[in-house]
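Trainee: Next come the chains, spelled out residue by residue.
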Amino acid sequence: MSRPAPQGYDKLQILLHWGVALLIAGVFSLALIFDDMPLSPAKFGLIGWHKWLGIIVLLLACARLAWRIIRGAPKADAALPAWQRGLATGVHHLLYLLMIALPLAGWLMSSAKGYSVILFGKIPLPDLVGKDEALGHFFKEAHELMAWTLLVLVLLHAAAAIKHHVIDKDTTLARMLPFLRR
Amino acid sequence: MFKPLLLAGALALASSPLFAAQTVVPGKSFIDFTFTQMGGKVDGGFKAFTGKVNFDPAKPEKTQAEIVVDLNTIDVGGPDGNAEAKKKAWFNVPAFPKGTFTATSVKALGGGKFDVKGKLTIKGITRDVAGPMTATQVGDQLELKGSVALKRLGFQLGEGAWADTETVADEVVVKYKLLLSGKPD
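As they're listed, the protein sequences go chains R and Z.
Quick note on the numbering used here: the first sequence kicks off at 1 and runs consecutively.
Quick note on the numbering used here: the second sequence kicks off at 1001 and runs consecutively.
These aren't lab readings, by the way, just hints derived from the structure by calculation.
All figures in this text were calculated on a predicted structure; none of them were measured in a lab.
Heads up, some of the hints might be wrong.
[Stated by the list, open to error] Quick list of in silico lysine to aspartate or glutamate cross-link-like pairs, EDC-like style, CA-CA up to 20 angstroms: (1) Lys113/R to Asp1075/Z; (2) Lys113/R to Asp1032/Z; (3) Lys131/R to Asp1043/Z; (4) Lys43/R to Glu1166/Z; (5) Lys113/R to Glu1084/Z; (6) Lys43/R to Asp1080/Z; (7) Lys43/R to Asp1170/Z; (8) Lys131/R to Asp1032/Z; (9) Lys122/R to Glu1171/Z; (10) Lys122/R to Asp1170/Z; (11) Lys1041/Z to Asp132/R; (12) Lys43/R to Glu1159/Z; (13) Lys1087/Z to Asp36/R; (14) Lys1047/Z to Asp132/R; (15) Lys1059/Z to Asp1185/Z; (16) Lys122/R to Glu1166/Z.
[Claimed, not checked] For each label pair, taking beta carbons as the anchor points, the in silico distance ranges come out as: (17) Lys1183/Z to Glu133/R: 35 to 43 angstroms; (18) Ala158/R to Lys1047/Z: 48 to 56 angstroms; (19) Ala158/R to Asn1082/Z: 36 to 44 angstroms; (20) Lys1041/Z to Arg181/R: 46 to 54 angstroms; (21) Lys1062/Z to Met37/R: 50 to 58 angstroms.
[What the hints assert, rightly or not] Listing some non-contacts, in silico: residues in chain R with all C-beta distances to chain Z over 10 angstroms: (22) Ala25; (23) Ala73; (24) Arg182.
Positions of the beta carbon are idealized from the N, C-alpha and C atoms, including for glycine.
Kindly produce the complete structure, drawing on both the sequences and the hints.
Mentor: Shown next as structure tokens:
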């Protein structure tokens, strides 16, 4: 873009970043818990919350992407080697892709398996595809593969941020955690 | 004279479930149901059932019908759910493999519509059920379509933790289409 990139992230970007991070941690944990549970009302409850919070992640991820496009995001520290800046940008792009594609695959999986998503048990969301067992299985596999990929990327993203703060002692992490500013 | 006795005997035979004036054509008939799980509608059905019916749309008061459903063929939409539905808390299929509907009264409402009442036995529990039905002649066969609204807890379907109606609602709607071959008596 021709516009100069902003110097830092604004309050909204910081709030959304940590809000979505917390939601993703919660949604991921719920999936790990209910995956091994036998079918029970408690399991249905956890699956319900997993789906509902997943849809919130999808909405917030779209909002983040839109605001990032409108406002822009700060550039990586120019002092960093090009490969690190390229890697960071690549991981950020993949994180955005997964924040949207992962819940979408879950929604598609629900639709294909014949279970509509009823947000908080009150607001019915449209079925994205008709009932189709093979398609349901495909989206389940895709959903799980993307979930593990997201976990790896989040760990890489967090490890890099900590490395910048602790080892490089630069401002990379402080941009997202203003109280760390030195 | 013996004639009234013979007649009584013949009537007793006719009202036993041995009648088979019309039979349900498998493959062209269905018994499905819709239930509400976590606020969303889920469709299911039974793959195998048999039916012996004696129904003449012109003489509905003489209707006899017995539908026997093989509960082992339940489909609630997925393999995990199907396994669960056969367990003790739900249909307890090993102990109660069949569900039976016996018609007790059929009243004509006009225009090919009928009000059907009968007794449904599931899990050893018999309840009165009722619902609307339409009858349409399709070639030389008769197509019966209708629905029956049930309360699952009335049949102890979903015991213990599953009795929670927030997870699975009490109301279940059974929808059926029965294609009958053969002529009524």
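Trainee: Next step is simple, just say for each hint if it's right about the structure.
Mentor: Each hint tested on the structure:
Proximity of Lys113/R to Asp1075/Z is assessed by CA-CA distance (about 13 angstroms); at most 20 angstroms being required, the pair is judged to hold. A distance of roughly 17 angstroms separates the Cα atoms of Lys113/R and Asp1032/Z; the hinted pair therefore holds under the 20 angstroms criterion. A threshold of 20 angstroms between alpha carbons decides the hint, and for Lys131/R with Asp1043/Z the separation of about 10 angstroms falls inside it, so the pair holds. The straight-line distance between the Cα atoms of Lys43/R and Glu1166/Z is roughly 13 angstroms, inside the 20 angstroms bound, and the hint therefore holds.
Annotation: proposed proximity of Lys113/R to Glu1084/Z holds, straight-line Cα distance about 17 angstroms (limit 20 angstroms). Distance hint between Lys43/R and Asp1080/Z is fulfilled; the C-alpha atoms sit about 12 angstroms from each other, no more than 20 angstroms. For a cut-off of 20 angstroms, the pair hint linking Lys43/R to Asp1170/Z stands: about 19 angstroms separates their Cα positions. Of the pairs offered as hints, the one joining Lys131/R and Asp1032/Z holds, with about 16 angstroms between alpha carbons and a cut-off of 20 angstroms not exceeded.
The suggested pairing of Lys122/R with Glu1171/Z holds, with an alpha-carbon distance near 17 angstroms, which does not exceed 20 angstroms. Restraint check: the Cα-Cα separation between Lys122/R and Asp1170/Z comes to about 17 angstroms, which is no more than 20 angstroms; the hinted pair holds. Annotation: proposed proximity of Lys1041/Z to Asp132/R holds, straight-line Cα distance about 16 angstroms (limit 20 angstroms). Distance restraint check for Lys43/R and Glu1159/Z: the Cα-Cα separation of roughly 16 angstroms lies within the 20 angstroms cut-off, and the hinted pair is therefore satisfied.
Restraint check for Lys1087/Z and Asp36/R: satisfied, since their Cα atoms lie roughly 19 angstroms apart, inside the 20 angstroms limit. At roughly 18 angstroms between alpha-carbon atoms, Lys1047/Z and Asp132/R fall within 20 angstroms of each other, so this suggested pair holds. Between Lys1059/Z and Asp1185/Z the CA atoms are separated by roughly 10 angstroms; this keeps the pair inside 20 angstroms, and the hint holds. Among the hinted pairs, Lys122/R with Glu1166/Z is consistent with the structure: their alpha-carbon atoms are about 12 angstroms apart, no more than 20 angstroms.
At roughly 40 angstroms, the beta-carbon separation of Lys1183/Z and Glu133/R lies within the given 35 to 43 angstroms, and the hint holds. At roughly 50 angstroms, the beta carbons of Ala158/R and Lys1047/Z sit within the given window of 48 to 56 angstroms. Between Ala158/R and Asn1082/Z, the C-beta spacing of about 42 angstroms keeps the proposed range 36 to 44 angstroms intact. The hinted range of 46 to 54 angstroms is satisfied by Lys1041/Z and Arg181/R, whose Cβ atoms lie roughly 53 angstroms apart.
Remark: the range hint 50 to 58 angstroms for Lys1062/Z to Met37/R is upheld by a beta-carbon distance near 53 angstroms. Even its closest Cβ contact with chain Z, about 23 angstroms, leaves Ala25/R beyond 10 angstroms, as expected for a residue assigned away from the interface. Distance to chain Z confirms Ala73/R as a non-interface residue, since its nearest Cβ pair spans about 38 angstroms, more than 10 angstroms. The beta carbon of Arg182/R is kept farther than 10 angstroms from every beta carbon of chain Z, the shortest such distance being approximately 49 angstroms.
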